[in-house]
Amino acid sequence: MADKALFEFLTRIGDTTLVLGHRVSEWCGHAPALEEDIALANTALDLIGHTRMWLSRAGEVEGKGRTEDDLAFLREAHEFRNYLLVERPNEDFAVTITRQFLFDAWHRLMLISLQESSDQRVSEIAEKASKEVAYHVERSTDLVVRLGDGTEESHRRMQHAVDILWPYTGELFTDDETDRELSDRGIIPLPSSLEGEWKTHVDGVLSAATLVRPEREYAHKGGKAGVHTEHLGFLLAEMQVTHRAHPGATW
Amino acid sequence: MSSEWPLWEVFIRGQHGLNHRHVGSLHAPDAEMAIRNARDVYTRRKEGVSIWVVRSSEITASSPSEKGPLFDPADSKIYRHPSFFDIPDEAGHM
Chain V
1 MADKALFEFL TRIGDTTLVL GHRVSEWCGH APALEEDIAL ANTALDLIGH
51 TRMWLSRAGE VEGKGRTEDD LAFLREAHEF RNYLLVERPN EDFAVTITRQ
101 FLFDAWHRLM LISLQESSDQ RVSEIAEKAS KEVAYHVERS TDLVVRLGDG
151 TEESHRRMQH AVDILWPYTG ELFTDDETDR ELSDRGIIPL PSSLEGEWKT
201 HVDGVLSAAT LVRPEREYAH KGGKAGVHTE HLGFLLAEMQ VTHRAHPGAT
251 W
Chain G
1 MSSEWPLWEV FIRGQHGLNH RHVGSLHAPD AEMAIRNARD VYTRRKEGVS
51 IWVVRSSEIT ASSPSEKGPL FDPADSKIYR HPSFFDIPDE AGHM
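Quick note, the sequences are listed as chains V and G, same order. Take the first sequence: its position 179, counting from 1, is numbered 179 in the working numbering, and each next residue is one higher. Take the second sequence: its position 70, counting from 1, is numbered 70 in the working numbering, and each next residue is one higher.
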């Protein structure tokens, strides 16, 4: 019998890296400097690489013969399980980098914890992805500090980014039935257990960046359950159009 | 934006190479970011194990117009090449 909870988790993390990877790839050819352009494209490619591992494993666990491509390109928005944070539009460089930083800080902790997973494949994928993510955190942390504590304009844009993205971070730490079941089985950590360390890290960086964390605790939720903002529909339309127009095409 | 950033020369030591070799240049606001940018721009295919960066403005180059005086005197002095010595077998490979 297919392991429904494990499939659910694998699509949550795989869809999250897929959607963020696609978002970041939207900068390709548009970044403020050639060096940043390549760095962002590298990050996007890393995330798509993680997606391939997570989603192909999800397909195996599901046992219906779906491949990574079937899952990435032939599902509708309501079937996606990514966190809302990663479908937020790029807007400007400040929003892109802040989103990346808030995500990277969570991603690193999640992967460290998943390396101890009782599921061998999950732990192997986490170990492989961890090395790249360690660099992502280093890079986005550095940029947040530089831009937050930079010019008047970069500071203003960064504070705006933190203010608008903050309400989307709460979802990273909510637990539901699937999380509790998988945590009991030793496959994943309870999402809420990562929050303390994440906040400590984020607070330290924001303060070095002279940025202020919003006080309000309100959190947008729904991504994990397939309830998305309108932004995901547009993203998927662009991401999936070629595959849907040419079913089964290969290089 | 990049036009405000100074230019850096990038040197990479390869997997098996002993020396850092010049691979190109890039823009960055400071040395730390120049290293990061070099990592992203020049080591994507696992080219290196070590990176050096130096501000391009810190490099003093010989002038092309002095090429003659600088290098011509070495012409036709083949005896400066150490190829006229018999290497004793005991010395092994050199």
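Everything labelled a hint here was simulated from the structure, so no lab data went into it. Heads up, some of the hints might be wrong.
Derived DSSO-like pairs: lysine-lysine, alpha-carbon spacing no greater than 30 Å straight-line [to be verified]:
id : chain 1 : residue 1 : chain 2 : residue 2
1  : V       : Lys4      : V       : Lys221
2  : V       : Lys199    : V       : Lys64
3  : G       : Lys77     : V       : Lys131
4  : V       : Lys221    : V       : Lys199
5  : V       : Lys128    : V       : Lys4
6  : V       : Lys128    : G       : Lys77
These numbers were taken from a predicted model, which means no experiment stands behind them.
Hint-by-hint comparison with the structure:
Under the criterion of a C-alpha separation no larger than 30 Å, the hint pairing V/Lys4 with V/Lys221 is consistent with the structure, at around 21 Å. A hinted pair counts as satisfied when its Cα atoms are at most 30 Å apart, and V/Lys199 with V/Lys64 does not qualify at roughly 39 Å. At most 30 Å may separate the alpha-carbon atoms for a hinted pair to count; G/Lys77 and V/Lys131 exceed this at roughly 54 Å. Proposed proximity of V/Lys221 and V/Lys199 is supported: the alpha carbons are some 18 Å apart, at most 30 Å.
Between V/Lys128 and V/Lys4, the direct Cα distance comes to roughly 24 Å. Compliance with the 30 Å bound is thereby established for this hinted pair. Restraint check for V/Lys128 and G/Lys77: the C-alpha separation of about 57 Å exceeds 30 Å, so the hint is violated.
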